[in-house]
Amino acid sequence: GAVVSQHPSRVICKSGTSVKIECRSLDFQATTMFWYRQFPKQSLMLMATSNEGSKATYEQGVEKDKFLINHASLTLSTLTVTSAHPEDSSFYICSAIDTTGSYEQYFGPGTRLTVT
Amino acid sequence: GENVEQHPSTLSVQEGDSAVIKCTYSDSASNYFPWYKQELGKRPQLIIDIRSNVGEKKDQRIAVTLNKTAKHFSLHITETQPEDSAVYFCASEFGNEKLTFGTGTRLTIIP
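Protein chains in written order, with this note's numbering: chain A, -10 to 105; chain B, 55 to 165.
Source of the hints: derived by calculation from the structure; they are not laboratory data. Note that CB positions come from ideal geometry on N, CA and C, so glycine has one too. Treat the hints with care, since some could be wrong.
Below are the EDC-like pairs computed for lysine to aspartate or glutamate, each with C-alpha atoms no more than 20 Å apart in a straight line [to be verified]: (1) B:K96 x A:D77; (2) B:K112 x A:D54; (3) B:K111 x A:E52; (4) A:K44 x A:D54; (5) B:K152 x A:E52; (6) B:K96 x A:E52; (7) B:K152 x A:D87; (8) B:K91 x B:D138; (9) B:K96 x A:D54; (10) B:K152 x A:E76; (11) A:K30 x A:E76; (12) A:K30 x B:D138; (13) B:K125 x B:E56; (14) A:K53 x A:D87; (15) B:K91 x B:E69; (16) B:K152 x A:E48; (17) B:K91 x A:E93; (18) B:K122 x B:D71.
Now the stretches of chain A that chain B is said to cover, found in silico as 3 or more residues with beta-carbon under 8 Å [stated by the list, open to error]: (19) 61 to 72; (20) 96 to 104.
Construct all of the structure, not just a fragment, from the sequences and the given hints.
Shown next as C-alpha cells:
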C-alpha cells in the first residue's frame, strides 16, 4: 500500500520554542493531507485540513496562528507548533489521500512531541 | 458537525471467542465508515471499511455491518487471537474526506 512518512518521530523541546513536523507521501501525490492530535488514551482529533497550494482549513477551537500548516508541494505538508507549551505535548499524526488512486486515507507513523 | 459514539470503551474476551464493537453516528449524510486498529504508539491501520450502499462486508475473521436507518455500524471479530489485542477506532466520513473518529475500544484477548 501507499506510504506516508513523518519526521521527526519524537521530539523534545523547551517551552516557548517552535517545532516543525513534516509529513510526506512517498509514492503518491496528495493534494489533501490532514493533521490529527491524539492525547494519551484518547481518540484522534482532526486539527486541520492541509490543501496543496492554498490555505489550510482549521477545525473549530484550533488556533491557526499557533499551528502553522504549509502544503507547498503535492508530497509534503508541514505542521509548525509555535511557542509550544507543555499542554501541546501530544502524538501528532498526519494522513494523506491518494487522489489519483484508491482515495484511501493513509496515516503517517506519528510524531511524539514533548514540551518541557 | 458529525458525532460518533463508540461502545464499549474496554472489552476483554477469551481467545477464540467473538468480539463486537458498536458505533453510532449523527449525520445521515455520512457515507463511509472505516475501522482502524491502533497499537500503542503506532499509526492507525485500516482493517475494514464499508460504504453506505452496502449493509455488510466480511474479510476473513473480520466483518462490519451497517444500519443506515438506525445510523449505527458494528465491527465483528471472530475466533479472536492474542494479536487482535489493540485499540480499535470506528470513524465516519461526511464530506471532503474528513474523518470523525469514535472514542476507541481497548480490546484485550485473554489467552
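Hints versus structure:
1. B:K96 x A:D77: 19 Å, holds
2. B:K112 x A:D54: Between K112 of chain B and D54 of chain A the Cα gap is close to 44 Å, so the pair fails against 20 Å, i.e. violated.
3. B:K111 x A:E52: Distance ~39 Å between K111 of chain B and E52 of chain A Cα, so the pair is violated.
4. A:K44 x A:D54: Status holds; Cα separation ~12 Å.
5. B:K152 x A:E52: Since the Cα atoms of K152 of chain B and E52 of chain A sit roughly 19 Å apart, the hinted pair holds (cutoff 20 Å).
6. B:K96 x A:E52: Distance ~26 Å between K96 of chain B and E52 of chain A Cα, so the pair is violated.
7. B:K152 x A:D87: 14 Å, holds
8. B:K91 x B:D138: Answer holds: K91 of chain B to D138 of chain B is near 9 Å, not above 20 Å.
9. B:K96 x A:D54: 28 Å, violated
10. B:K152 x A:E76: 25 Å, violated
11. A:K30 x A:E76: Holds. K30 of chain A to E76 of chain A sits at ~15 Å (cutoff 20 Å).
12. A:K30 x B:D138: Between K30 of chain A and D138 of chain B the Cα gap is close to 18 Å, so the pair holds against 20 Å.
13. B:K125 x B:E56: Roughly 12 Å separates the two Cα atoms, so the pair holds.
14. A:K53 x A:D87: Violated: K53 of chain A and D87 of chain A sit about 25 Å apart, past 20 Å.
15. B:K91 x B:E69: Answer holds: K91 of chain B to E69 of chain B is near 18 Å, not above 20 Å.
16. B:K152 x A:E48: Satisfied, since the Cα-Cα distance of roughly 11 Å is no more than 20 Å.
17. B:K91 x A:E93: 15 Å, holds
18. B:K122 x B:D71: 27 Å, violated
19. 61 to 72: violated (count 0)
20. 96 to 104: Holds, because 5 residues of the segment 96 to 104 of chain A bring their Cβ atoms closer than 8 Å to Cβ atoms of chain B.
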